[in-house]
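Protein chains in written order, with my numbering: chain Y, 526 to 865; chain X, 5 to 173.
The hints are simulated quantities; they were obtained by calculation from the structure and are not laboratory data. Some hints here could point you the wrong way.
Looking from chain X toward chain Y, a few residues come up when the C-beta cut is under 7 Å (computed) [to be verified]:
(1) Phe12
(2) Phe22
(3) Phe101
(4) Gln104
(5) Glu146
Every residue, glycine too, gets a C-beta built ideally from N, C-alpha and C.
Read off the chains here:
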Amino acid sequence: MTMHSGRGFAAINYPIGMNLGGDPSQALVHSNPDGKFTVALSSIDLGQGMKSVTRQIAAETLGIPVADVYVDTADSDTGPHCMGSFASRGTHRVGNAVIEAATEARGVMLEAAAEELEVNPEDLVTDGKGNIHVRGAPSRSITTAEACGVAQFQQGKTVSGRGIFLIPLSDVDPDTGEMTPVSCFAHAALVVDLEVDDMTGEVTVLKMNSAYEVGRALNPRLVEQQLIGGAWMGVSHALYETTEPYYPDRSHGPQDFGSYIMPGPGEVVPHDIAILERPAPDGPFGGKGPGEMCANPVLPAVANAVFNAVGVRITDLPITPEKILRGIKANGGAQPQGIV
Amino acid sequence: MAKKPIQFQLNGSSKSVFVEEGQNLLEVLRREVGDLTPKLGCAQGACGSCTVLIDGEQIVSCLTLAETVEGASVETAAGLANGPTLHALQEAFMDGFAAQCGFCTPGMLVSAKALLDKNPSPSRGDVIEAISGNLCRCTGYEPIIDAILAAAGNGHNSAGRYSGSGRQS
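Model the full structure from these sequences, guided by the hints.
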């Protein structure tokens, strides 16, 4: 038995969103009787942080504290239309829709405040703490809650806004075959170090080092957490998960959850991540979408590292011990390529 | 099928319910008692999302017959907070971003409590062992392991390893 070390590298360009008949998302923003704001969406937060990020975006645009924003989402009966949470599109598409809706609502709020303070709305600024004041004269001030109150009870205005962000369908140019299906790309590069046991075919991932370029990291802790978890899922897809393992026949495959193989807490791989921020010109505050791309570079990097370790090129996933052993046998033994 | 009365302590308060023979504890907790913190994941003891403590022992409630907890003390994630005061584990999970979708979280918290009740100063290996029956799909486990160590006061700060080098162009 010999353990062979291998190192693999992969880099990806990841397109944000999709191009199947146009890619829209909508948002509605309105003030509540207590002067706080509700953002109505039908986009889904399935743990990736959609509610947190749209809340931050709305608060930043309105110029009010994050605590004053409530995000009501995931109900397509009450929320405006959203294509959904997939294709790493949520932050980019929905975030832009929230900015548009919140900008309109902010405009009405500032008009109401201007009328109350008897100034021009253009002369008003928000302090992000719940106050609106005249630029250069902080003492001439009104709270955002008061401004929304006078809009409702004295001026008869709704402090509300509508937003939509649409990436239209890009058709193929019949003359050139060109199209522009994507307006925004995220990027990542990842190096994985692992060991392959040439007797059992077992792979032990030792370490991952990566750099992910995500536009602006609107919530750095959520981005980091999503990258750690997503890269782990990449390892899981690369090495473990399948309902059709390469056994003699289907009856040897997993019958239930208990025999479906997933790595557990004992298989955590140390992972150092560098998050590079290059704000996207068309992203909300420069944000892109660290979604599916978390896992994507891991799979080719693991396949390359296995080749580097034992000289076996595996082109279908997952890379099971059985496939590695068959490859080693076909080659007449392990053929370490030498770590570059 | 005949129903049978049972009594047990749930998070320190007495519960009396009628259970069917063969009914599992998870169903009784969720449907009869109304404690929705234990989750139904795989229904075969593989995922750990239904984990509860029975007399301090970590048990998967989906594979436990409800009638066997007669007279026992059952703890769930719902019993961790004391009024508005969160348990140290809950604080550490929040601070350390140790949840994404949240489905595994109650089971993780309960398994972690079982560990810390017996071993207030666990090693990283002890923590991994303690949650090895709990599956998580989102986090990659590392934030959860770090949070449990942080709750135990083992000096793992939860500031993360974000090494963002600022905006580069």
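Hint-by-hint comparison with the structure:
no. : hint   : in the structure
1   : Phe12  : violated (28 Å)
2   : Phe22  : violated (30 Å)
3   : Phe101 : holds (4 Å)
4   : Gln104 : holds (3 Å)
5   : Glu146 : holds (5 Å)
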